[in-house]
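Just need the whole structure built from these sequences, with the hints factored in.
Read top to bottom, the protein sequences are chains A and B. First residue of the first sequence: 314, per our numbering; consecutive thereafter. First residue of the second sequence: 15, per our numbering; consecutive thereafter.
No wet-lab data here; the hints were simulated from the structure. Remember, it's a predicted structure, so these values are computed and weren't measured experimentally.
Straight-line alpha carbon distances no greater than 25 Å define the calculated SDA-like cross-link-like pairs of lysine to any residue that follow:
hint : chain 1 : residue 1 : chain 2 : residue 2
1    : B       : K187      : B       : S143
2    : A       : K430      : B       : L20
3    : B       : K383      : B       : V294
4    : B       : K257      : B       : F285
5    : B       : K337      : A       : L389
6    : B       : K338      : A       : M387
7    : B       : K33       : A       : Y414
8    : B       : K321      : A       : A415
9    : B       : K30       : A       : T457
10   : A       : K430      : B       : K338
11   : A       : K431      : B       : K338
12   : B       : K325      : A       : Q488
13   : B       : K33       : A       : R455
14   : B       : K338      : A       : D433
15   : B       : K338      : A       : V435
16   : B       : K325      : B       : M342
17   : A       : K430      : B       : L22
18   : B       : K325      : A       : G461
19   : B       : K280      : B       : L246
20   : B       : K63       : B       : L293
21   : B       : K187      : B       : Q197
22   : B       : K337      : A       : V435
23   : B       : K325      : A       : E393
24   : A       : K432      : B       : I23
25   : B       : K337      : A       : F328
26   : B       : K337      : A       : E396
27   : A       : K453      : B       : K33
28   : B       : K325      : A       : S357
29   : A       : K432      : B       : D339
30   : B       : K63       : B       : Y379
31   : B       : K93       : B       : N216
32   : B       : K30       : A       : Y414
33   : B       : K325      : A       : S408
34   : B       : K383      : B       : I67
35   : B       : K337      : A       : P413
36   : B       : K30       : A       : R436
Simulated restraints, written as ranges between beta carbons of each label pair:
hint : chain 1 : residue 1 : chain 2 : residue 2 : range
37   : B       : E322      : A       : D332      : 28 to 36 Å
38   : B       : E322      : A       : D519      : 31 to 39 Å
39   : A       : M387      : B       : W393      : 36 to 44 Å
40   : A       : A316      : B       : A386      : 51 to 59 Å
Note that the Cβ used here is the ideal one computed from N, Cα and C, for glycine as well.
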Amino acid sequence: MAAPVCIMENITKSFHVGDQDLQVLKGVNLTIEQGEFTAIMGTSGSGKSTLMNLMGCLDVPTSGRFILAGRDVMQLNDDELSELRNEHIGFVFQSFYLLPYATVLENVLVPTLYREKKKDHVRDRAAELLKLVGLEERMKFRPTQLSGGEQQRVAICRALINDPELLLADEPTGQLDSRTAEEIMNVLTRTNERGKTVVVITHDADIAAYARRIIHIRDGIIKE
Amino acid sequence: MERFSLLLIQSYEAVKAFKLRTLFCLVSVALGIAAITIIVAATEGAYKKAFDIVASFGPDSVMVMSGSDEARAIGQREKTITLSDVEAVRQAFPTAYIVVPTTWAGSVIVSYRGNRYQTQIVGSSSDYSRAWTWPVAEGSDFTDEDIRRYANVGIIGQEVARELFGDQSPVGKFIQVRNLPVQIVGVLTERGTSPGGGSLDNRIIMPYTTVMKKLQNESRYVVGMRLRFTDLENIDGRVEELKTLLRYVHRIPDRQPDDFRIFTSKDIVKFLVALTGSLVVFIGIVGVISLIVAGFVLANLFLLSVKERVKEIGIRRAVGARKKDILMQFLTEAVMITTAGGVVGFILGVVSAQLLTYVAEFPVYFSWKAFAIGLVLSWVVGVGFGLHPARQAANLVPIEAIRT
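See the structure below:
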């Protein structure tokens, strides 16, 4: 069996609030194997957003051991973290976060701008991804011309364009109605079925139900 | 390559999307570049004109004029150069292949069959055309024989010719110069305006002997003389020797100033540079100030833009943009706008320079140099003033940028 995508051992994260240290994560142990579809559930203030930021290498832990895609995250500098995010992690955000002035196709291509190891035919690959989510007719549209569900599908294509090991979705259906939410979760499920490791962070049990593994986080501690 | 073109396309999209920012930056850069363009064109124009003048005056030429350096209008200075001075100079300088006495009478009314025109009469020896590198277009120069005989002959400038004769050929015809009937033997080519702005084509050249005796009742003094030397490399030394000689024959005591003035082509260039210089300095200051203002406008608008686009920066960082990628993006946007501003400014500069020449006979000349300097300066502004906001953008913390 291949090495796990993500290994977290005794991870803590503290923030300075005023002159106090606020410990948000209090020793998280978590391993995510390749091909898993995992949901991380927690209420607001449980530390799930902080965990998501760490897992996405947008922030680094205060202490512990953290291996992502075979790299020791604790040892990486800012540029190396950027490279790691670019090549190994795809993000899907609650509010889609597309660039308003760029077209659908250009939005999908944004991560390729920053890729060190160049890949050929990125446009063809972007078109292919958009076709998989049924947006091949919308490539020249601006995000504002799309519905919320369509925007989120564009965001998923953007997350997948560099073929990352891990797709990280933070409340991906938080701004969508239940029917559209179902569509998006189906897209994520299909993505997982094609072999992609997917982690969804949510507070919604219905959404978490799509995952094959559910992890609860409460007061900075993991409970499976 | 694809990555670079994608960066350009995305920057272009941003430049298009933030229209107001683009417009203000572009206009302010354009104004500065327009002013700079005019300066470069004016400087080049002045040099080109100076070069033309030196070429027509002749780099080997020296002009000696009567009268001391004190400020008096040309033609009203006292005459101090005599025909014997001219002869002495001719004897003393074997390398002076042309020594031509010159005198003139200004504001003379000439007429031909009822057409009257006010012009100036230049008295010269038979080498006028050669002395001034000023070819005769039609007919010929007068001869040494004409000088000796006090002949009533003349060569006519294009402007007088047009005024008196219209489309007819003046050669062989007689005109009245005051009460003197003068036969036109040649027509000079068109020369245009002098660096001072007067027309050079409004003149009639006659033998100096005729002018002195019949128009001025003068036997000794001329206005000046013109020399040309074969040894161009020694011209500075020759000018000094000429000065010494004239001071000696005029018996000027040591601490007294010269009672004559000597001009070389260098002096003419100096005169022209002084003429355009003050305007160039003025526009130069305006140009530099407006470029600096443009830079601050750009820096401020970009700082605002960075604040507006924090989320975009966060997304880009999340999907793998390094700090330097963000830096490059904002710099690219800035340089794109200032480049456009540079191009617009160049066009603006060309148009206003045309107006300037129309109003003030100001020599301007546009070459790739004016364009290149404008373009480089617009890049300097783009990078110089775009750097601070771009750094701010690059140093945003990704999670905070996304959470805002």
